[in-house]
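Asks: Each chain, letter by letter, is given below.
There are 2 protein chains.
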Amino acid sequence: MDTENLGQHISKQFNQDLENIREEVLAMGGLVEEQLKKALEAFSQHDVDLANEVIDNDDRVNNFEISIDEDCIKILAKRQPAASDLRLVSTVLKAITDLERVGDEAEKIARMAIEIAETKDKSPLNGELPYSALQNLGNVVKTMLHQALDAFARMDADAAIEVAKKDKKADDEYDAISRQLMTYMMEEPRSISKVLDFLWSARALERIGDHAHNICEYIVYLVQGQDVRHLTWDEIHRLVKSRN
Amino acid sequence: MDTENLGQHISKQFNQDLENIREEVLAMGGLVEEQLKKALEAFSQHDVDLANEVIDNDDRVNNFEISIDEDCIKILAKRQPAASDLRLVSTVLKAITDLERVGDEAEKIARMAIEIAETKDKSPLNGELPYSALQNLGNVVKTMLHQALDAFARMDADAAIEVAKKDKKADDEYDAISRQLMTYMMEEPRSISKVLDFLWSARALERIGDHAHNICEYIVYLVQGQDVRHLTWDEIHRLVKSRN
Chain A
1 MDTENLGQHI
11 SKQFNQDLEN
21 IREEVLAMGG
31 LVEEQLKKAL
41 EAFSQHDVDL
51 ANEVIDNDDR
61 VNNFEISIDE
71 DCIKILAKRQ
81 PAASDLRLVS
91 TVLKAITDLE
101 RVGDEAEKIA
111 RMAIEIAETK
121 DKSPLNGELP
131 YSALQNLGNV
141 VKTMLHQALD
151 AFARMDADAA
161 IEVAKKDKKA
171 DDEYDAISRQ
181 LMTYMMEEPR
191 SISKVLDFLW
201 SARALERIGD
211 HAHNICEYIV
221 YLVQGQDVRH
231 LTWDEIHRLV
241 KSRN
Chain B
1 MDTENLGQHI
11 SKQFNQDLEN
21 IREEVLAMGG
31 LVEEQLKKAL
41 EAFSQHDVDL
51 ANEVIDNDDR
61 VNNFEISIDE
71 DCIKILAKRQ
81 PAASDLRLVS
91 TVLKAITDLE
101 RVGDEAEKIA
111 RMAIEIAETK
121 DKSPLNGELP
131 YSALQNLGNV
141 VKTMLHQALD
151 AFARMDADAA
161 IEVAKKDKKA
171 DDEYDAISRQ
181 LMTYMMEEPR
191 SISKVLDFLW
201 SARALERIGD
211 HAHNICEYIV
221 YLVQGQDVRH
231 LTWDEIHRLV
241 KSRN
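If you're matching them up, the sequences are chains A and B in order.
If you read the first sequence in the UniProt record's numbering, its first letter stands for residue 1, the second for the next number, and so on.
If you read the second sequence in the UniProt record's numbering, its first letter stands for residue 1, the second for the next number, and so on.
One or more of the hints may lead you astray.
For lysine to aspartate or glutamate, the following EDC-like pairs were computed, each having C-alpha atoms within a straight-line distance of at most 20 Å [to be verified]:
no.: 1; chain 1: B; residue 1: K108; chain 2: A; residue 2: D210
no.: 2; chain 1: B; residue 1: K74; chain 2: B; residue 2: E19
no.: 3; chain 1: B; residue 1: K94; chain 2: A; residue 2: D71
no.: 4; chain 1: A; residue 1: K108; chain 2: A; residue 2: E33
no.: 5; chain 1: A; residue 1: K94; chain 2: B; residue 2: E70
no.: 6; chain 1: A; residue 1: K108; chain 2: B; residue 2: D171
no.: 7; chain 1: B; residue 1: K94; chain 2: A; residue 2: E65
no.: 8; chain 1: B; residue 1: K169; chain 2: B; residue 2: D158
no.: 9; chain 1: B; residue 1: K94; chain 2: A; residue 2: D104
no.: 10; chain 1: B; residue 1: K142; chain 2: B; residue 2: D175
no.: 11; chain 1: A; residue 1: K94; chain 2: B; residue 2: D210
no.: 12; chain 1: A; residue 1: K94; chain 2: B; residue 2: E65
no.: 13; chain 1: B; residue 1: K168; chain 2: B; residue 2: D158
no.: 14; chain 1: A; residue 1: K94; chain 2: B; residue 2: D71
no.: 15; chain 1: A; residue 1: K168; chain 2: B; residue 2: D104
no.: 16; chain 1: A; residue 1: K108; chain 2: B; residue 2: D175
no.: 17; chain 1: B; residue 1: K108; chain 2: A; residue 2: D171
no.: 18; chain 1: B; residue 1: K108; chain 2: A; residue 2: E33
no.: 19; chain 1: B; residue 1: K108; chain 2: A; residue 2: D175
no.: 20; chain 1: A; residue 1: K108; chain 2: B; residue 2: D210
It is worth saying that the hints were derived from the structure and are not from the lab.
Required output: the full structure, derived from the provided sequences and hints.
Replies: Pasting the structure below:
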């Protein structure tokens, strides 16, 4: 699927405006991906400096959101887009809220990384916490986020549906980590506070999967012109197939 | 502050369209408030039937979101609103996402209520869990949500700022509950699973406070015409005062 049918307007400048916000969204997405990557690395390496870098950079994510938001409003006011252009703008307005929240979750993980790094040598459990399972979950949601942005760049509803289906895998991995941490807590009640920091980080990753999932729903809406939120993925798939 | 300056258009039908989406948002807000109230009651009374009613009703919340979303897009397409009207529509688009998520959190609390009710007689800790602290937190965020909707109805930026400041209180109460539950878990490791259900419910309430806070930021933007997300409340307050 190409993006041609999103570009049928009279004004070249209008095309340029729309292209600009699409590019801004992808740039914001790239920054958020970077934040997530660094937060995961800081977490697994107990790297407090890197974690602080993530926390400091969250402002850049927030500024992106505000600036894209303003650009969308300007386009709505100046260009009065209709049909698929209007859907593009309203999709962007929603998608950047999710991207900004992914940024917030990355920041939370960075904060937990610092908490855990600072108690590193004091807890008997440190070596046994499921760091590799957390990295696996991190990789699943990192891939989901990347592919969601990719589907947005190519306006590809089929790809978006495939990405969104992976959310089940993220949920399952989160559940497994959560059960494992519960066992740890029962065996080592004195480590509960630290294990909960670990659990919150896993939870933050699981929520990033949810946000990637939301972005994919917006893409399907954008391409298909039908709101698919709150449908099951099987229902959405049938809908997309019936139109292709 | 009144809403007069939001209503200066040529067309009466346009005024009516804008009034309709405002009313729809308030109706959706009323339903979400009801869901939260029932979820809290189901939680404290171990009322499985009421909890199931909340879960079943979440579809109504979702349908509200889709329908208001479509109405906003129709207005943007048909009426090409400018200035404060455009801000109203974009505010509504964002606010309903937060309201829908409050609905999701209420549903989560209802699910936890069922989990806890079903293990009610099996756990030694049941009598000691901080139910009244959770109800207090519930009351704080219920009031925040109600007053945020009220500020929206009256387009009152000052009231919105006052509401948003209460989020700190919600966060503090959540932290206190969280610390208390951690102590419980350390003393009764076998109850960890149940105590975590309780903790997730407290967390859901804390997030509802965040969503009410978001809605208040949109109201300030709507009324003041300036994006105040990511400013501190002191900065926002100075801004509002400088314009009054």
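Asks: Hints first: check each against the structure and report whether it holds.
Replies: How the hints compare with the structure:
no. : hint              : result
1   : K108(B) / D210(A) : 15 Å, holds
2   : K74(B) / E19(B)   : 14 Å, holds
3   : K94(B) / D71(A)   : 16 Å, holds
4   : K108(A) / E33(A)  : 14 Å, holds
5   : K94(A) / E70(B)   : 14 Å, holds
6   : K108(A) / D171(B) : 15 Å, holds
7   : K94(B) / E65(A)   : 13 Å, holds
8   : K169(B) / D158(B) : 18 Å, holds
9   : K94(B) / D104(A)  : 17 Å, holds
10  : K142(B) / D175(B) : 18 Å, holds
11  : K94(A) / D210(B)  : 17 Å, holds
12  : K94(A) / E65(B)   : 13 Å, holds
13  : K168(B) / D158(B) : 17 Å, holds
14  : K94(A) / D71(B)   : 16 Å, holds
15  : K168(A) / D104(B) : 18 Å, holds
16  : K108(A) / D175(B) : 16 Å, holds
17  : K108(B) / D171(A) : 15 Å, holds
18  : K108(B) / E33(A)  : 28 Å, violated
19  : K108(B) / D175(A) : 16 Å, holds
20  : K108(A) / D210(B) : 15 Å, holds
In the structure shown, a violation is registered for the earlier hint numbered 18 alone.
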